[in-house]
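A.B. asks: These protein sequences, in sequence, are chains A and B.
What the first sequence shows, in this note's numbering, is residues 468 to 562, in sequence order.
What the second sequence shows, in this note's numbering, is residues 250 to 836, in sequence order.
If you are wondering where the hints come from, they were derived from the structure by calculation, not from laboratory data.
This one's a predicted model, so the numbers in the text were calculated from it and none came from an experiment.
Errors might be hidden in some of the hints.
With a straight-line Cα cutoff of 30 Å, these simulated DSS-like cross-link-like pairs (lysine-lysine) come out [what the hints assert, rightly or not]:
| no. | chain 1 | residue 1 | chain 2 | residue 2 |
| --- | --- | --- | --- | --- |
| 1 | B | LYS382 | B | LYS546 |
| 2 | B | LYS404 | A | LYS518 |
| 3 | A | LYS506 | B | LYS419 |
| 4 | B | LYS546 | A | LYS509 |
| 5 | A | LYS518 | B | LYS382 |
| 6 | A | LYS509 | B | LYS457 |
| 7 | B | LYS419 | B | LYS404 |
| 8 | A | LYS518 | B | LYS468 |
| 9 | B | LYS419 | B | LYS457 |
| 10 | B | LYS404 | B | LYS382 |
| 11 | B | LYS770 | A | LYS506 |
Label pairs and their calculated CB-CB ranges [as the list claims (entries may be wrong)]:
| no. | chain 1 | residue 1 | chain 2 | residue 2 | range |
| --- | --- | --- | --- | --- | --- |
| 12 | A | ILE514 | B | ASN631 | 55 to 61 Å |
| 13 | A | GLY538 | B | ARG483 | 20 to 26 Å |
| 14 | B | ARG483 | A | ARG503 | 35 to 41 Å |
| 15 | A | GLU498 | B | PRO289 | 38 to 44 Å |
| 16 | A | LEU486 | B | ARG405 | 30 to 36 Å |
| 17 | B | GLY442 | A | GLY538 | 23 to 29 Å |
| 18 | B | GLU637 | A | ASP545 | 31 to 37 Å |
| 19 | B | VAL372 | A | ALA481 | 48 to 54 Å |
Looking from chain B toward chain A, a few residues come up when the C-beta cut is under 10 Å (computed) [stated by the list, open to error]:
| no. | residue |
| --- | --- |
| 20 | ALA469 |
| 21 | GLN717 |
| 22 | PRO721 |
Glycine residues also receive a C-beta, built at the ideal position from the N, C-alpha and C atoms.
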Amino acid sequence: MRILMTVAVFATLASAFALYAVNYETRGLAEEVRQREQKIEKAHRDIAILKAERAHLSRPERIGEHARALGLRPATRDQFVAYPLTDPLQSNVAR
Amino acid sequence: MAPANRSTGNWQAHRASSGVIITPGLSDQTLNRGTHQPAPPTAHDCRRASRIRALIAITVMGLAFLAIGGQLVRLALQGQNEQHIAMSAPIATAFARPDIVDRNGRLMAGDIVMQSLVADPSVVLDVEEISAKLPTVLPDLSPDRIREALSDRSKRFAWLRRGLSTAEAKQIHNLGLPGLDFRPELRRAYPLGRSAGHILGFVDIDNKGLAGIEAYLDKANSVEPVHGPSLSARPPLRLSLDVAVQFALEDELSDAMRRYEAKAASGIVMDAVTGAVVAAVSLPGLDPGIADERFEKSRVDRLTAGTYELGSVFKTITLAMALDSGRVGPESMIDVRQQLEVDGYPIRDGHPAGHPLTATQVFLKSSNVGAGMLALAQGADNQKAFLERIGLTTPMATEAGPVAPPSLPARWGDIETVTISYGHGLAVSPLQFIAASAALVNGGHKVTPTFLRDGDNAAGYAAGNRIQVIRPETSRAIRDMMHANVASGLGTGARAAVPGISVGGKTGTAEIAGAGGYREKAVISSFLGVFPMEEPRYVTLVSLFEPTGTPETGGEITAGRNAAPATARIIERIVPLLGLLPDKKHP
Numbered sequence: 468m469r470i471l472m473t474v475a476v477f478a479t480l481a482s483a484f485a486l487y488a489v490n491y492e493t494r495g496l497a498e499e500v501r502q503r504e505q506k507i508e509k510a511h512r513d514i515a516i517l518k519a520e521r522a523h524l525s526r527p528e529r530i531g532e533h534a535r536a537l538g539l540r541p542a543t544r545d546q547f548v549a550y551p552l553t554d555p556l557q558s559n560v561a562r
Numbered sequence: 250m251a252p253a254n255r256s257t258g259n260w261q262a263h264r265a266s267s268g269v270i271i272t273p274g275l276s277d278q279t280l281n282r283g284t285h286q287p288a289p290p291t292a293h294d295c296r297r298a299s300r301i302r303a304l305i306a307i308t309v310m311g312l313a314f315l316a317i318g319g320q321l322v323r324l325a326l327q328g329q330n331e332q333h334i335a336m337s338a339p340i341a342t343a344f345a346r347p348d349i350v351d352r353n354g355r356l357m358a359g360d361i362v363m364q365s366l367v368a369d370p371s372v373v374l375d376v377e378e379i380s381a382k383l384p385t386v387l388p389d390l391s392p393d394r395i396r397e398a399l400s401d402r403s404k405r406f407a408w409l410r411r412g413l414s415t416a417e418a419k420q421i422h423n424l425g426l427p428g429l430d431f432r433p434e435l436r437r438a439y440p441l442g443r444s445a446g447h448i449l450g451f452v453d454i455d456n457k458g459l460a461g462i463e464a465y466l467d468k469a470n471s472v473e474p475v476h477g478p479s480l481s482a483r484p485p486l487r488l489s490l491d492v493a494v495q496f497a498l499e500d501e502l503s504d505a506m507r508r509y510e511a512k513a514a515s516g517i518v519m520d521a522v523t524g525a526v527v528a529a530v531s532l533p534g535l536d537p538g539i540a541d542e543r544f545e546k547s548r549v550d551r552l553t554a555g556t557y558e559l560g561s562v563f564k565t566i567t568l569a570m571a572l573d574s575g576r577v578g579p580e581s582m583i584d585v586r587q588q589l590e591v592d593g594y595p596i597r598d599g600h601p602a603g604h605p606l607t608a609t610q611v612f613l614k615s616s617n618v619g620a621g622m623l624a625l626a627q628g629a630d631n632q633k634a635f636l637e638r639i640g641l642t643t644p645m646a647t648e649a650g651p652v653a654p655p656s657l658p659a660r661w662g663d664i665e666t667v668t669i670s671y672g673h674g675l676a677v678s679p680l681q682f683i684a685a686s687a688a689l690v691n692g693g694h695k696v697t698p699t700f701l702r703d704g705d706n707a708a709g710y711a712a713g714n715r716i717q718v719i720r721p722e723t724s725r726a727i728r729d730m731m732h733a734n735v736a737s738g739l740g741t742g743a744r745a746a747v748p749g750i751s752v753g754g755k756t757g758t759a760e761i762a763g764a765g766g767y768r769e770k771a772v773i774s775s776f777l778g779v780f781p782m783e784e785p786r787y788v789t790l791v792s793l794f795e796p797t798g799t800p801e802t803g804g805e806i807t808a809g810r811n812a813a814p815a816t817a818r819i820i821e822r823i824v825p826l827l828g829l830l831p832d833k834k835h836p
């Protein structure tokens with residue numbers, strides 16, 4: 468009987484410690500989740516800013532200027548062909 | 250432990266609850282049950298029992314200390330967790346808005362998180378220091394305004410500047426001024442600047458939509474009130490606009506404004522079948538991010554906020570009305586040799602033909618007398634009914650807001666019928682006019698302008714519930730006339746011809762009504778364009794406000810010399826962007 472009691476007491480203590488450990492671990496995990504959520508939120512904000520910056524940098528007004536500096540021009544009608552080519556000899560490619 | 254105790258009996262529960270101490274009464278019971286030989290506990294037994302008790306107590310305490318010590322070491326190694334205080338009180342309610350993108354998904358407006366500078370006047374040590382140092386970073390924030398904001402020491406909160414750039418926030422932070430703080434806030438960013446600013450509209454300081462598509466987002470319940478800077482998770486709103494076409498139109502229109510020394514210009518490219526607006530420009534433009542520009546009168550959206558007498562482009566409508574009645578054909582002769590006299594007012598042509606003209610020639614030569622005679626033959630009531638049918642007399646609205654309602658003549662008699670036939674006496678907004686014109690060339694079904702790519706309109710046209718407003722044959726005849734006006738070399742729109750694509754159109758040069766009559770040299774010259782003529786897909790309307798005669802136009806201010814060639818340059822540039830194949834058939 469004594470042995471049973473002792474075992475039961477130790478089992479109680481062990482489970483109490485286990486519970487405590489699990490509780491702590493859970494809090495740790497919750498903290499980790501919160502931190503990750505914060506990181507996600509931060510990433511979302513960064514993405515929003517980067518998207519706006521990309522849109523600002525790739526606005527046609529600016530790209531046009533750079534393209535002209537590189538010697539590019541808007542496409543002319545000679546640069547278009549119907550696809551699939553029905554008659555390669557008459558298409559613009561053949562010239 | 251409790252359930253186990255209950256099942257094993259009362260005495261055990263008692264024992265368990267009192268630890269290992271055996272009460273005299275209980276031990277009697279136990280001994281009685283077990284051995285039937287009651288033996289008094291010896292001193293040795295007592296010592297042994299107390300030793301065991303002490304041992305157990307020591308072990309338990311030792312383990313507990315060990316656990317606490319272990320945890321302390323663990324926490325020391327791991328580092329202390331930060332303390333977080335959640336403030337759930339609604340301090341400033343903001344509005345999270347979804348992005349606005351063009352038809353290809355390119356960003357036109359989006360929320361970003363920016364730092365706003367706030368102050369706690371009760372904590373501020375030295376107001377003079379702040380008002381001296383802060384303007385070094387923010388030059389447009391005057392020391393007086395800072396002093397005023399910080400003057401009331403009983404306050405705990407004052408905005409100093411909302412929406413700082415990251416660099417500015419960093420510089421202010423480095424000044425190290427006590428009492429200042431940053432608060433992240435949602436701000437609306439318009440990365441394209443003035444491009445499509447009139448259509449996008451704008452938001453107030455709390456990110457709530459005030460005009461244009463931004464106001465539409467609020468009305469459509471796409472905007473969520475939020476506490477703090479959390480971005481909207483909703484899908485973006487997709488517009489029918491195309492950023493590339495929009496820019497091409499802006500670029501060509503500002504070029505036209507320079508070339509023809511016009512005070513303002515507007516242009517629109519619309520899908521002739523669905524009414525989806527691909528590009529809409531009103532110059533001078535409006536940057537939604539600059540609040541001061543909203544009140545500048547010159548920056549008004551000429552496409553929707555103003556109504557104008559558009560002049561001879563209206564003859565397209567008069568001809569459609571005459572042809573649709575079935576009483577006039579494209580080859581019907583109209584005698585325009587005499588000037589027309591209505592209610593005592595003489596109506597004459599700038600360049601009288603001197604011989605009778607066919608209905609088509611009336612259109613090509615843009616004869617006021619011819620158009621007036623065609624309208625008179627129909628009568629005021631029929632004209633009114635026709636204009637109503639194609640949607641030119643009733644107020645119209647789009648997702649970007651209500652369109653300025655048409656100004657109808659107070660009295661609609663014979664003289665009004667004649668003047669309206671060539672575009673005077675009835676003022677409409679260009680957007681409303683182009684929507685009506687689209688119906689004349691798309692086979693005759695009514696078009697409702699929309700700025701959304703996947704709006705109700707698209708679904709409606711797909712389902713085939715189109716409202717026919719003129720007969721398909723009339724639409725075909727109007728197309729032929731518009732095409733001839735550009736391609737035949739006989740019409741006023743010859744300069745709108747574009748190599749590689751068949752274009753049709755109609756010119757219109759309207760004198761602007763001023764105080765006490767029309768102003769001679771102040772005109773709005775417009776060109777209504779359609780392409781490709783084989784199967785019209787797009788309609789355009791380009792208007793130049795008060796252009797001046799330049800050497801390039803031979804000193805003239807007529808639409809054929811300015812709006813028509815401007816339209817040609819626009820169409821040539823946007824054809825590839827719209828996915829149309831330039832064809833060598835059209836030289």
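A.B. asks: Hint by hint, note whether the structure agrees.
C.D. replies: Cross-check of the supplied hints:
1. B:LYS382 to B:LYS546: 37 Å, violated
2. B:LYS404 to A:LYS518: Measuring from Cα to Cα gives roughly 38 Å; hence the hint is violated.
3. A:LYS506 to B:LYS419: 21 Å, holds
4. B:LYS546 to A:LYS509: 41 Å, violated
5. A:LYS518 to B:LYS382: 33 Å, violated
6. A:LYS509 to B:LYS457: Holds. LYS509 of chain A to LYS457 of chain B sits at ~23 Å (cutoff 30 Å).
7. B:LYS419 to B:LYS404: 25 Å, holds
8. A:LYS518 to B:LYS468: 26 Å, holds
9. B:LYS419 to B:LYS457: Between LYS419 of chain B and LYS457 of chain B the Cα gap is close to 27 Å, so the pair holds against 30 Å.
10. B:LYS404 to B:LYS382: 22 Å, holds
11. B:LYS770 to A:LYS506: Answer violated: LYS770 of chain B to LYS506 of chain A is near 64 Å, above 30 Å.
12. A:ILE514 to B:ASN631: 55 to 61 Å: 59 Å, holds
13. A:GLY538 to B:ARG483: 20 to 26 Å: 43 Å, violated
14. B:ARG483 to A:ARG503: 35 to 41 Å: Roughly 23 Å apart at Cβ, these two residues miss the hinted range, so it is violated.
15. A:GLU498 to B:PRO289: 38 to 44 Å: Given range 38 to 44 Å: violated, Cβ gap about 60 Å.
16. A:LEU486 to B:ARG405: 30 to 36 Å: Check failed, 44 Å falls outside 30 to 36 Å.
17. B:GLY442 to A:GLY538: 23 to 29 Å: Between GLY442 of chain B and GLY538 of chain A, where Cβ atoms are some 26 Å apart, the hint holds.
18. B:GLU637 to A:ASP545: 31 to 37 Å: For GLU637 of chain B and ASP545 of chain A the Cβ distance comes to about 47 Å; the hint is violated.
19. B:VAL372 to A:ALA481: 48 to 54 Å: Check passed, 52 Å falls within 48 to 54 Å.
20. ALA469: 21 Å, violated
21. GLN717: For GLN717 of chain B, the interface hint is violated, since the closest Cβ of chain A sits about 33 Å away, which is over 10 Å.
22. PRO721: 28 Å, violated
Hints 1, 2, 4, 5, 11, 13, 14, 15, 16, 18, 20, 21, 22 from the earlier list are contradicted by this structure; the remaining hints agree with it.
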